[in-house]
Amino acid sequence: MSAQQQPQLEKFGHGVEDKQVLGERRSLLSIIVTKFFQNKLAVIGLVVLTIITIACLLAPYIAPHDPATQNLRNRLGAPSPEHWLGTDHLGRDLFSRMLYGGQVSLYVGFASMLGAVTIGAVIGAVAGYFGGLVDAFLMRLVDIILAFPNIFLLITLVAILDPSINILILVFALLSWTGTARVVRGEFLSLKKREFVLASRTIGMSNVRIIFSQILPNALGPVIVAATLAVGSFILAESALSFFGLGVQPPNASWGNMLTDSQSITIFRNAWWYPTFPGLLILITVLCFNFIGDGLRDALDPRVVEK
632 MSAQQQPQLE
642 KFGHGVEDKQ
652 VLGERRSLLS
662 IIVTKFFQNK
672 LAVIGLVVLT
682 IITIACLLAP
692 YIAPHDPATQ
702 NLRNRLGAPS
712 PEHWLGTDHL
722 GRDLFSRMLY
732 GGQVSLYVGF
742 ASMLGAVTIG
752 AVIGAVAGYF
762 GGLVDAFLMR
772 LVDIILAFPN
782 IFLLITLVAI
792 LDPSINILIL
802 VFALLSWTGT
812 ARVVRGEFLS
822 LKKREFVLAS
832 RTIGMSNVRI
842 IFSQILPNAL
852 GPVIVAATLA
862 VGSFILAESA
872 LSFFGLGVQP
882 PNASWGNMLT
892 DSQSITIFRN
902 AWWYPTFPGL
912 LILITVLCFN
922 FIGDGLRDAL
932 DPRVVEK
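Taking my numbering, the leading residue of the sequence shown gets 632, the next gets one more, and so forth.
Just so you know, the hints here were simulated from the structure itself, not pulled from any lab data.
Using N, Cα and C, we set each Cβ at its ideal position, and we do this for glycine too.
Honestly, I wouldn't trust all of these hints.
What the hints assert, rightly or not - Using C-beta positions, here's what the derived DEER-type ranges look like:
no.	residue 1	residue 2	range
1	Gln-701	Gly-762	58 to 66 Å
2	Ala-699	Phe-761	49 to 57 Å
3	Ile-915	Thr-665	21 to 29 Å
4	Trp-903	Val-674	27 to 35 Å
5	Asp-793	Leu-829	46 to 54 Å
6	Ser-795	Leu-703	25 to 33 Å
7	Tyr-692	Asp-793	32 to 40 Å
8	Ser-821	Ile-662	16 to 24 Å
9	Ile-775	Gly-876	22 to 30 Å
10	Pro-695	Thr-897	25 to 33 Å
11	Pro-712	Trp-903	15 to 23 Å
12	Arg-832	Asn-883	45 to 53 Å
13	Ile-775	Arg-825	27 to 35 Å
Using the sequences and the hints, build the whole thing.
And the structure:
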């Protein structure tokens with residue numbers, strides 16, 4: 632074999648290997664997608680959540696009324712053709728406020744999830760990859776945070792820092808990364824001993840590149856599931872803080888502070904629609920995230936995928 636033909640054959644061999652790897656990845660992705668869509672509850676959750684999200688994003692075009700416009704003559708008005716879901720204690724259209732409030736609640740949920748997952752993934756990756764003193768220090772930090780009840784820390788920090796949308800997201804992210812960190816650390820402790828990691832070290836690849844380009848992509852399955860479930864938890868946490876007056880502050884609407892405004896015996900007796908519709912929307916949205924998380928957990932389970 633000539634010297635010119637050998638590089639060409641090597642290049643051809645690499646091309647065949649790349650195509651095989653690409654084909655395997657596509658096949659694995661198709662199996663995961665198929666398994667996910669076989670879960671009826673997960674599909675229903677995805678469809679309903681998509682409808683809710685699109686409706687909230689299109690609130691400026693869908694909402695029949697300005698969410699801040701007050702009409703004291705029509706306080707606690709019952710559902711009618713003009714106000715589909717009734718009005719609140721200030722005569723504001725409930726349907727319009729739910730659409731705009733959904734933007735805030737979903738934004739808080741998704742942004743908090745991204746912050747918490749990012750912090751947790753980085754800390755878990757560093758702890759699991761380097762081990763030793765680094766792992767011991769970071770895991771003791773996790774234990775310290777977990778030693779305090781989350782709700783008390785949330786209330787304390789939000790009260791000190793003055794409640795606002797961005798402060799809520801910051802506090803949620805800073806206090807909710809521990810679960811992700813533990814999951815990622817466990818995955819790294821297992822994956823860092825695999826052959827592809829040893830090969831990456833052999834060719835001189837840097838630790839940062841090994842962590843973020845080689846190991847972390849293989850540890851994302853459990854993280855994606857945890858992230859999906861976390862969004863619903865953050866929406867509930869914002870609602871709980873709003874109940875104490877520490878959530879999203881007026882005049883901004885959120886599903887949580889709409890429930891807070893309706894916490895009155897008189898309203899519960901005479902205007903059932905006011906607390907019912909925002910409460911149902913929170914319930915449905917959180918259930919959708921939980922259904923999607925369960926579907927992703929089953930679809931990404933290696934034992935299920937192998938079958």
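Do the hints match the structure? See the list:
At roughly 60 Å, the beta-carbon separation of Gln-701 and Gly-762 lies within the given 58 to 66 Å, and the hint holds. Taken as a hint, the range 49 to 57 Å holds for the pair Ala-699 and Phe-761, whose Cβ atoms sit roughly 52 Å apart. About 26 Å separates the C-beta atoms of Ile-915 and Thr-665, a value consistent with the hinted range of 21 to 29 Å. Distance hint check: the CB atoms of Trp-903 and Val-674 are about 32 Å apart, consistent with the given range 27 to 35 Å.
For Asp-793 and Leu-829, the Cβ-Cβ distance of about 51 Å falls inside the hinted range of 46 to 54 Å, so the restraint holds. At roughly 28 Å, the beta-carbon separation of Ser-795 and Leu-703 lies within the given 25 to 33 Å, and the hint holds. For Tyr-692 paired with Asp-793, a C-beta distance near 33 Å keeps the hint of 32 to 40 Å intact. The hinted range of 16 to 24 Å is satisfied by Ser-821 and Ile-662, whose Cβ atoms lie roughly 22 Å apart.
A beta carbon spacing of about 28 Å between Ile-775 and Gly-876 agrees with the range 22 to 30 Å that was offered as a hint. Checked against the hint of 25 to 33 Å, the pair Pro-695 and Thr-897 passes, with Cβ atoms roughly 26 Å apart. Roughly 19 Å separates the CB atoms of Pro-712 and Trp-903, a value that falls within the hinted 15 to 23 Å. A C-beta distance of roughly 50 Å is found between Arg-832 and Asn-883, which places it inside the suggested range of 45 to 53 Å.
For the pair Ile-775 and Arg-825, the beta carbons lie near 31 Å from each other, so the given range of 27 to 35 Å is met.
The structure fails none of the hints (numbered hints given earlier).
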